[in-house]
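Enquirer: Chains as they are written, first to last, in the numbering used here: chain B, 1 to 143; chain P, 1 to 143; chain F, 1 to 110; chain V, 1 to 110.
FYI, nobody ran anything at the bench for these hints, they're computed from the structure. A hint or two may mislead.
Claimed, not checked - 30 Å max Cα-Cα, derived DSS-like pairs, lysine-lysine:
| id | chain 1 | residue 1 | chain 2 | residue 2 |
| --- | --- | --- | --- | --- |
| 1 | V | Lys7 | V | Lys17 |
| 2 | V | Lys66 | P | Lys115 |
| 3 | V | Lys66 | V | Lys17 |
| 4 | B | Lys115 | F | Lys85 |
| 5 | F | Lys98 | F | Lys66 |
| 6 | F | Lys85 | F | Lys71 |
| 7 | V | Lys89 | P | Lys61 |
| 8 | F | Lys30 | B | Lys61 |
| 9 | B | Lys75 | F | Lys85 |
| 10 | F | Lys69 | F | Lys17 |
| 11 | F | Lys30 | F | Lys71 |
| 12 | P | Lys115 | V | Lys85 |
| 13 | P | Lys115 | V | Lys89 |
| 14 | V | Lys71 | V | Lys85 |
| 15 | F | Lys89 | F | Lys30 |
| 16 | P | Lys75 | V | Lys71 |
| 17 | P | Lys115 | V | Lys17 |
| 18 | F | Lys98 | B | Lys115 |
| 19 | F | Lys98 | F | Lys30 |
| 20 | F | Lys89 | B | Lys115 |
| 21 | F | Lys17 | F | Lys98 |
| 22 | P | Lys75 | B | Lys61 |
| 23 | V | Lys71 | V | Lys17 |
| 24 | V | Lys98 | P | Lys75 |
| 25 | F | Lys89 | F | Lys71 |
| 26 | B | Lys75 | F | Lys89 |
| 27 | F | Lys85 | F | Lys69 |
| 28 | P | Lys115 | V | Lys98 |
| 29 | B | Lys115 | F | Lys17 |
| 30 | V | Lys89 | V | Lys30 |
| 31 | F | Lys17 | F | Lys30 |
| 32 | B | Lys75 | P | Lys61 |
| 33 | B | Lys115 | F | Lys66 |
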Amino acid sequence: MGNLSEEIRVPAEMGYLRELLAFVASCAERSGFGQTRLREIELVMEEILVNIFNYAYPDRKGDVGIACRSADDGKLLVEITDQGIPFDILSLNDPDLQAGIEERNIGGLGVFFVKQLIRDIRYRRESGRNILTLTIDPTPAVL
Amino acid sequence: MGNLSEEIRVPAEMGYLRELLAFVASCAERSGFGQTRLREIELVMEEILVNIFNYAYPDRKGDVGIACRSADDGKLLVEITDQGIPFDILSLNDPDLQAGIEERNIGGLGVFFVKQLIRDIRYRRESGRNILTLTIDPTPAVL
Amino acid sequence: MEISTRKEGSVAVVSVKGRIDAVTAPEFEKGLSALVADGDLTLVLNFNGLEYISSAGLRSILVTAKQLKAKNGRMLFAALQGPVKDIFKISAFGSLFKICDTEEEALREI
Amino acid sequence: MEISTRKEGSVAVVSVKGRIDAVTAPEFEKGLSALVADGDLTLVLNFNGLEYISSAGLRSILVTAKQLKAKNGRMLFAALQGPVKDIFKISAFGSLFKICDTEEEALREI
Ligand SMILES: Nc1ncnc2c1ncn2[C@@H]1O[C@H](COP(=O)(O)OP(=O)(O)O)[C@@H](O)[C@H]1O
Ligand SMILES: Nc1ncnc2c1ncn2[C@@H]1O[C@H](COP(=O)(O)OP(=O)(O)O)[C@@H](O)[C@H]1O
Chain B
1 MGNLSEEIRV PAEMGYLREL LAFVASCAER SGFGQTRLRE IELVMEEILV NIFNYAYPDR
61 KGDVGIACRS ADDGKLLVEI TDQGIPFDIL SLNDPDLQAG IEERNIGGLG VFFVKQLIRD
121 IRYRRESGRN ILTLTIDPTP AVL
Chain P
1 MGNLSEEIRV PAEMGYLREL LAFVASCAER SGFGQTRLRE IELVMEEILV NIFNYAYPDR
61 KGDVGIACRS ADDGKLLVEI TDQGIPFDIL SLNDPDLQAG IEERNIGGLG VFFVKQLIRD
121 IRYRRESGRN ILTLTIDPTP AVL
Chain F
1 MEISTRKEGS VAVVSVKGRI DAVTAPEFEK GLSALVADGD LTLVLNFNGL EYISSAGLRS
61 ILVTAKQLKA KNGRMLFAAL QGPVKDIFKI SAFGSLFKIC DTEEEALREI
Chain V
1 MEISTRKEGS VAVVSVKGRI DAVTAPEFEK GLSALVADGD LTLVLNFNGL EYISSAGLRS
61 ILVTAKQLKA KNGRMLFAAL QGPVKDIFKI SAFGSLFKIC DTEEEALREI
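Chain B with its partners taken away, still in its complex shape (with noise of 0.2 Å):
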């Protein structure tokens, strides 16, 4: 990323949760994001990197990463990576939202929720590496 980016690795695990949720809140703030977007950024980034650390390195530990940087028209790009398995967010269907309560899969609802709030998602596998870039909107998708 850029020269004036913001960067954040820490180990793969939950412990590290609330200091990632709180280093990409500062960058979105600095960007001068409003609340409701803040919140909205803030489920999408729980559940990405709760899965990176529920799935990334099932048999070893590893880091994640993030960068943040300001991109055009305000909007934020945040940048998340992990040497982990390798895993396309966008190869996912979404889960049926019509299907009962016995039937209806209790998982798939974390990759949704991303998609359903960032509109630009792109995937890359680099180097050993799976890195996911979000260009986020300033404006509120629907929280």
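Given chain B, put chains P, F and V with the ligands in place with the hints provided.
Expert: Structure of chains P, F and V with the ligands alone, referenced to chain B:
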């Protein structure tokens, strides 16, 4: 630094001070440091960081990075990195604490505090970077 | 997160304050499962003090709902606040559960 | 940081709450310099509510002390709390300034 360290990198500007202090505080808390030592570490980090904001990049913008890692004997290793002008904190003389108000230099206390509160400080210049490594004992020094 | 439970006749009213996120969801789920295991078949969740819920919390709700369903029990929700209401909406939880404006309304529904 | 100033006869009593760090020190220094510029020659700094001070704050104090010295004025300190007291100690500020346990004692000193 080792694999399971924590890192942050942000623009070297005063607006990031509180965020950087919070980052180091949570590393030190996670290492089990007590309140008194946490306060000392906060002071030390403020002094080092504010100097980087004020002096490291006299004619351009730049970044500052902090990495934390647990070391032996419950110690915490903190590495502060910038790409500013070469500066070795250890090269400065202590201020003259005997001087009266008129003679006394208004500067020089920041680096002095750092040296008083942290016993093990190492400096190196490496591929255009100042790298300052503090090995921080959990035992309070004076505060 | 703070959970408190009281009985209103045969109904267990569970009030949750604060945040249900991936850190607190396990405790939330344990609380609900304990009620179901103790034989409670009707749960009213009062979310008046709930500021935040993520998919981890919805997952706990679905797990409990499935346990209740297997015993012919049910779950109702009351007093959802703005952000939580929106999360329920995008998750289409309204088609799975009765969602009431107030706890009183939920208790009358039973 | 919060600063409040009142006069006790010819003495300006400045009470500071919170933190004097590199972010807030400029405001602190401006407040002190304004008093000196207005002709106040005796300042009592009540640090009872001060939790934290870094070298940026001590720098502001030294700047003001030099301005006062040039006008034959002086600065006294009162009610330093633990961490601030220790910072004053390692900076040997006790040899530059009268440091009192309470504001009353400082006012009696003058
Ligand atoms: N970072 C990741 N690495 C590998 N697999 C992942 C990752 N994130 C999500 N997944 C997979 O995608 C599924 C859906 O994730 P999500 O929508 O968050 O629901 P949940 O985690 O509740 O199952 C997960 O169950 C998991 O199999
Ligand atoms: N990162 C740095 N790069 C260059 N020079 C520095 C740096 N940090 C400190 N200095 C120099 O060391 C001096 C002493 O610093 P310090 O003890 O913090 O006192 P002060 O900043 O109040 O002068 C500074 O005035 C500056 O000239």
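Enquirer: State for each hint whether it applies.
Expert: Cross-check of the supplied hints:
With a C-alpha separation of about 18 Å, the suggested pairing of Lys7 (chain V) with Lys17 (chain V) holds against the 30 Å cut-off. This hinted pair checks out: Lys66 (chain V) and Lys115 (chain P) have alpha carbons roughly 26 Å apart, not beyond 30 Å. Pair hint Lys66 (chain V) plus Lys17 (chain V) holds up; C-alpha atoms about 23 Å apart against a cutoff of 30 Å. This hinted pair checks out: Lys115 (chain B) and Lys85 (chain F) have alpha carbons roughly 18 Å apart, not beyond 30 Å.
As the CA atoms of Lys98 (chain F) and Lys66 (chain F) are separated by approximately 15 Å, the hinted pair is consistent with the 30 Å bound. Only pairs whose Cα atoms come within 30 Å are accepted, and Lys85 (chain F) paired with Lys71 (chain F) is accepted, the gap being roughly 27 Å. A C-alpha spacing of about 36 Å is found between Lys89 (chain V) and Lys61 (chain P), which places the hinted pair above 30 Å, so the restraint is violated. For the hint linking Lys30 (chain F) to Lys61 (chain B), the alpha-carbon distance of about 27 Å falls within 30 Å, and the restraint holds.
Straight-line distance between C-alpha atoms of Lys75 (chain B) and Lys85 (chain F) comes to about 26 Å, which keeps the hinted pair within the 30 Å bound. Proximity of Lys69 (chain F) to Lys17 (chain F) is assessed by CA-CA distance (about 25 Å); at most 30 Å being required, the pair is judged to hold. Taking the CA atoms of Lys30 (chain F) and Lys71 (chain F), the gap is near 18 Å; set against the 30 Å cutoff, the hint holds. Between Lys115 (chain P) and Lys85 (chain V) the CA atoms are separated by roughly 18 Å; this keeps the pair inside 30 Å, and the hint holds.
Taking the CA atoms of Lys115 (chain P) and Lys89 (chain V), the gap is about 15 Å. The hint holds against a cut of 30 Å. For the suggested pair Lys71 (chain V) and Lys85 (chain V), the alpha carbons sit about 27 Å apart, so the restraint of at most 30 Å is met. Of the supplied pair hints, the one linking Lys89 (chain F) and Lys30 (chain F) holds, its CA atoms being roughly 25 Å apart against a limit of 30 Å. Annotation: proposed proximity of Lys75 (chain P) to Lys71 (chain V) is violated, straight-line Cα distance about 49 Å (limit 30 Å).
Of the pairs offered as hints, the one joining Lys115 (chain P) and Lys17 (chain V) holds, with about 27 Å between alpha carbons and a cut-off of 30 Å not exceeded. Between the alpha carbons of Lys98 (chain F) and Lys115 (chain B) the distance comes to roughly 26 Å, so the proposed pair stays at or under 30 Å and holds. Proximity of Lys98 (chain F) to Lys30 (chain F) is assessed by CA-CA distance (about 22 Å); at most 30 Å being required, the pair is judged to hold. A C-alpha spacing of about 15 Å is found between Lys89 (chain F) and Lys115 (chain B), which places the hinted pair at or below 30 Å, so the restraint holds.
Proposed proximity of Lys17 (chain F) and Lys98 (chain F) is supported: the alpha carbons are some 20 Å apart, at most 30 Å. Restraint check: the Cα-Cα separation between Lys75 (chain P) and Lys61 (chain B) comes to about 22 Å, which is no more than 30 Å; the hinted pair holds. With a CA separation close to 28 Å, the supplied pair Lys71 (chain V) and Lys17 (chain V) stays within the 30 Å bound. Between Lys98 (chain V) and Lys75 (chain P), the direct Cα distance comes to roughly 38 Å. Violation of the 30 Å bound is thereby established for this hinted pair.
Straight-line distance between C-alpha atoms of Lys89 (chain F) and Lys71 (chain F) comes to about 26 Å, which keeps the hinted pair within the 30 Å bound. The straight-line distance between the Cα atoms of Lys75 (chain B) and Lys89 (chain F) is roughly 26 Å, inside the 30 Å bound, and the hint therefore holds. As the CA atoms of Lys85 (chain F) and Lys69 (chain F) are separated by approximately 23 Å, the hinted pair is consistent with the 30 Å bound. Between Lys115 (chain P) and Lys98 (chain V) the alpha-carbon distance is near 26 Å, which keeps this suggested pair within the 30 Å criterion.
Restraint check for Lys115 (chain B) and Lys17 (chain F): satisfied, since their Cα atoms lie roughly 27 Å apart, inside the 30 Å limit. Between Lys89 (chain V) and Lys30 (chain V) the alpha-carbon distance is near 25 Å, which keeps this suggested pair within the 30 Å criterion. For the hint linking Lys17 (chain F) to Lys30 (chain F), the alpha-carbon distance of about 16 Å falls within 30 Å, and the restraint holds. Under the criterion of a C-alpha separation no larger than 30 Å, the hint pairing Lys75 (chain B) with Lys61 (chain P) is consistent with the structure, at around 22 Å.
For the suggested pair Lys115 (chain B) and Lys66 (chain F), the alpha carbons sit about 26 Å apart, so the restraint of at most 30 Å is met.
When each numbered hint is compared with the structure, violations occur for hints 7, 16 and 24.
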